[in-house]
Amino acid sequence: MSAPNPSGWQPTMGDADYADEGFVTASGDRGLLLEEALSFEIGSAEKCGVDLIEPEHEPADALAPFLRKHAPDLPGLTEPEAVRHYSRLSRLNYGIDLGPFPLGSCTMKHNPRLNEKVARLPGFADVHPLQPTATVRGALEAMQELAHWLIELTGMAGVALSPKAGAHGELCGLLCIKAAHDDAGEMRDVILVPESAHGTNPATAAFAGYKVESIPATADGRVDLAALKEKLGPHVAGVMITNPNTCGLFERDMKAISDAVHAVGGYVYCDGANFNAIVGKVRPGDLGVDAMHINLHKTFSTPHGGGGPGSGPVVLSEALCPYGPLPFTERTDDGLVHLVEEDNADEFGHTKAFGRMTAFHGQMGMFTRALTYMLSHGADGLKQVAEDAVLNANYVLRQCEDLLEAPFGKAGPCMHEALFSDTNLPEGYSTLDIAKGLIDEGFHPMTVYFPLVVKGAMLVEPTETESRIGLDRFIASLRHVATRALNGDESLHAAPVLAPRRRLDETLAARKPVLVWKGEDSG
Amino acid sequence: MSRHFTKDHEWIDVSEDVGTVGITDYAQSQLGDITFVELPEVGSTVGKSDSVSVVDSVKAASDVYTPVSGEVVAVNDALADEPEKVNTDAEGEGWLFRVSLSDPGELDSLMDEAAYTTYIAGL
Chain A
473 MSAPNPSGWQ PTMGDADYAD EGFVTASGDR GLLLEEALSF EIGSAEKCGV
523 DLIEPEHEPA DALAPFLRKH APDLPGLTEP EAVRHYSRLS RLNYGIDLGP
573 FPLGSCTMKH NPRLNEKVAR LPGFADVHPL QPTATVRGAL EAMQELAHWL
623 IELTGMAGVA LSPKAGAHGE LCGLLCIKAA HDDAGEMRDV ILVPESAHGT
673 NPATAAFAGY KVESIPATAD GRVDLAALKE KLGPHVAGVM ITNPNTCGLF
723 ERDMKAISDA VHAVGGYVYC DGANFNAIVG KVRPGDLGVD AMHINLHKTF
773 STPHGGGGPG SGPVVLSEAL CPYGPLPFTE RTDDGLVHLV EEDNADEFGH
823 TKAFGRMTAF HGQMGMFTRA LTYMLSHGAD GLKQVAEDAV LNANYVLRQC
873 EDLLEAPFGK AGPCMHEALF SDTNLPEGYS TLDIAKGLID EGFHPMTVYF
923 PLVVKGAMLV EPTETESRIG LDRFIASLRH VATRALNGDE SLHAAPVLAP
973 RRRLDETLAA RKPVLVWKGE DSG
Chain B
722 MSRHFTKDHE WIDVSEDVGT VGITDYAQSQ LGDITFVELP EVGSTVGKSD
772 SVSVVDSVKA ASDVYTPVSG EVVAVNDALA DEPEKVNTDA EGEGWLFRVS
822 LSDPGELDSL MDEAAYTTYI AGL
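Protein sequences appear in the order of chains A and B. Numbering of the first sequence is given in our numbering, commencing with residue 473 and proceeding in unit increments. Numbering of the second sequence is given in our numbering, commencing with residue 722 and proceeding in unit increments.
Calculated directly from the structure, the hints in this document are not laboratory data. Virtual Cβ for every residue (Gly too), placed ideally from N, Cα, C. Among these hints, one or two may not hold up.
[Said to hold, decoys possible] Cross-link-like lysine-lysine pairs, in silico, DSS-like; alpha carbons within 30 Å at most:
{"hint": "1", "chain 1": "B", "residue 1": "K769", "chain 2": "A", "residue 2": "K927"}
{"hint": "2", "chain 1": "A", "residue 1": "K927", "chain 2": "B", "residue 2": "K806"}
{"hint": "3", "chain 1": "B", "residue 1": "K728", "chain 2": "A", "residue 2": "K703"}
{"hint": "4", "chain 1": "B", "residue 1": "K728", "chain 2": "A", "residue 2": "K882"}
{"hint": "5", "chain 1": "B", "residue 1": "K728", "chain 2": "A", "residue 2": "K701"}
{"hint": "6", "chain 1": "B", "residue 1": "K769", "chain 2": "A", "residue 2": "K701"}
{"hint": "7", "chain 1": "A", "residue 1": "K703", "chain 2": "B", "residue 2": "K769"}
{"hint": "8", "chain 1": "B", "residue 1": "K769", "chain 2": "A", "residue 2": "K683"}
[Claimed, not checked] Non-contacting residues of chain B with respect to chain A, defined by C-beta distances greater than 12 Å in every case (computed):
{"hint": "9", "residue": "T741"}
{"hint": "10", "residue": "L760"}
{"hint": "11", "residue": "S790"}
{"hint": "12", "residue": "A795"}
{"hint": "13", "residue": "N797"}
{"hint": "14", "residue": "D810"}
{"hint": "15", "residue": "G813"}
{"hint": "16", "residue": "S823"}
{"hint": "17", "residue": "P825"}
{"hint": "18", "residue": "G826"}
{"hint": "19", "residue": "L828"}
{"hint": "20", "residue": "S830"}
{"hint": "21", "residue": "D833"}
{"hint": "22", "residue": "A836"}
{"hint": "23", "residue": "Y837"}
{"hint": "24", "residue": "Y840"}
[Unchecked claim] If you want a taste of the chain A side facing chain B, the calculated C-beta under 10 Å gives, among others:
{"hint": "25", "residue": "G671"}
{"hint": "26", "residue": "P674"}
{"hint": "27", "residue": "V684"}
{"hint": "28", "residue": "T903"}
{"hint": "29", "residue": "L904"}
{"hint": "30", "residue": "Y921"}
{"hint": "31", "residue": "F922"}
{"hint": "32", "residue": "L924"}
{"hint": "33", "residue": "G928"}
{"hint": "34", "residue": "E978"}
{"hint": "35", "residue": "A981"}
{"hint": "36", "residue": "R983"}
With the sequences and hints as input, model every part of the structure.
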């Protein structure tokens, strides 16, 4: 560990429970740690924060049936009240700009500021999807360049940029598979999905009209190849595999799986949510994958969670490319990049598209951010992203496996995620206590109770973002909380005690959610 | 009346070729607090081991598979307002749905209580 201050002095926040100091504040605030009421409680429906001009005319008769009978119940806040409200709320939040966000399966990595600068260039930020394409050549060029590198990195034949997030990309991939079978005049109604799959996989398959059959896992957390082969047949449209899988393990039999599925005329969909672990190292195309979505908001560092829209381009194999959705970009011999849409698809020989996934071309702001990330890292940098992501996860795994059960730890290194379980904790202590204890330590908890195939799962994905020092801080906290549980520290059941709110009643919140503010009158 | 169990932790009580299905007490204890139960449609035809119902808990959403084939003849509507009944009385008031059996012979492939107790002890 480095010591930031050689004198050893460190600022402290004071005791947690300030009521012990003999007084409580009238405001509920604790120094500069601010309490915050609902906007409805700060403002009132009678007040209005803006000064609207009185209408000069009575509304037209035709509109009369639509006139409101009562004023809407909106909180009337002044501008400074509104600004302060959201600023104060933001201080109660935890985000990737505040500290590590080790949510397994989510790849919460740093969003480089260079991405933001490029995305805000007027040529990208101030264009409209309905502008004539001749006036947005630069934006199309950037899309074509992004498409080129996504194809290059995955070893595939083409890419549909338009899907707006991971599950949307899954649907796009399955619709391509469906279109291909339809084109061949084949009726296939089953998609095989491993037990450890992301929940969205079976949901997507069902949404696309397929029956879902699950494939069991082997004892070492991978797809059971023999069980998969048993389920294969002329009724199987395809298989959805996540690689690396949700246990943080590489599917060693991926090529054998693909070959077996292809042998019966099925297609292989790969959930690319975990591409971060293999980018620059493994090309899914070489493993026999026919379609894979790439979460730009994971692997390619565009904002994620509440921070920004997702973007889930789908790379396609030679076999599925003809069915890919419109629109997409293509360069002609004269060097110009065109947007291929319904009215010019014939010219580009793309006559079998299954349709569209979106009204327009996709998330331009995410395309520019992802392309910036790729180009600023370069081929060697992207390879190092995968290496560091895997190294960091293995560091966490090996630093904590003496305190927390690591179900697949003994079998060898993990990929980008360290998986623990609560099976070695004493009676009455569970994954939930560890997660809540981490909040008191100032960290966002890891993903808990997922994947379902591991009891009390704790899935830690540090990503390549975290430095050695940052990882050591997290590990020290995780070890401290685990030790509290192992020692039977009763106070851990109350965690978090230092957060703005104590342990919430998640059951009540799920059973009787209160989603709408109701005023005294409207209540 | 006889009670049978599946490896997926469903139980079924059969009386006059109508089976009442729920999840076992062991299953509810593993899932934690149940927050929502999605039930099959009355009148729908189901095949043995089909996923016909979903039980949501604070930890996970879990499929419930029907132990037998047949037609769904009733569902436990009380669970809409009180899903917690699955926690408090999984093998009684927390039942999920009733199936009129199309092939009572399917019961032979299920476990009896003693076999199920041995099965979960080994998990």
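The hints, checked one at a time:
no.	hint	verdict
1	K769/B - K927/A	holds (27 Å)
2	K927/A - K806/B	holds (23 Å)
3	K728/B - K703/A	holds (20 Å)
4	K728/B - K882/A	holds (28 Å)
5	K728/B - K701/A	holds (22 Å)
6	K769/B - K701/A	holds (22 Å)
7	K703/A - K769/B	holds (17 Å)
8	K769/B - K683/A	holds (15 Å)
9	T741	holds (24 Å)
10	L760	holds (16 Å)
11	S790	holds (16 Å)
12	A795	holds (23 Å)
13	N797	holds (16 Å)
14	D810	holds (17 Å)
15	G813	holds (20 Å)
16	S823	holds (19 Å)
17	P825	holds (25 Å)
18	G826	holds (23 Å)
19	L828	holds (23 Å)
20	S830	holds (18 Å)
21	D833	holds (24 Å)
22	A836	holds (21 Å)
23	Y837	holds (19 Å)
24	Y840	holds (16 Å)
25	G671	holds (7 Å)
26	P674	holds (9 Å)
27	V684	holds (8 Å)
28	T903	holds (9 Å)
29	L904	holds (9 Å)
30	Y921	holds (4 Å)
31	F922	holds (8 Å)
32	L924	holds (6 Å)
33	G928	holds (9 Å)
34	E978	holds (5 Å)
35	A981	holds (9 Å)
36	R983	holds (5 Å)
Checked against the numbered hints given earlier, this structure breaks none of them.
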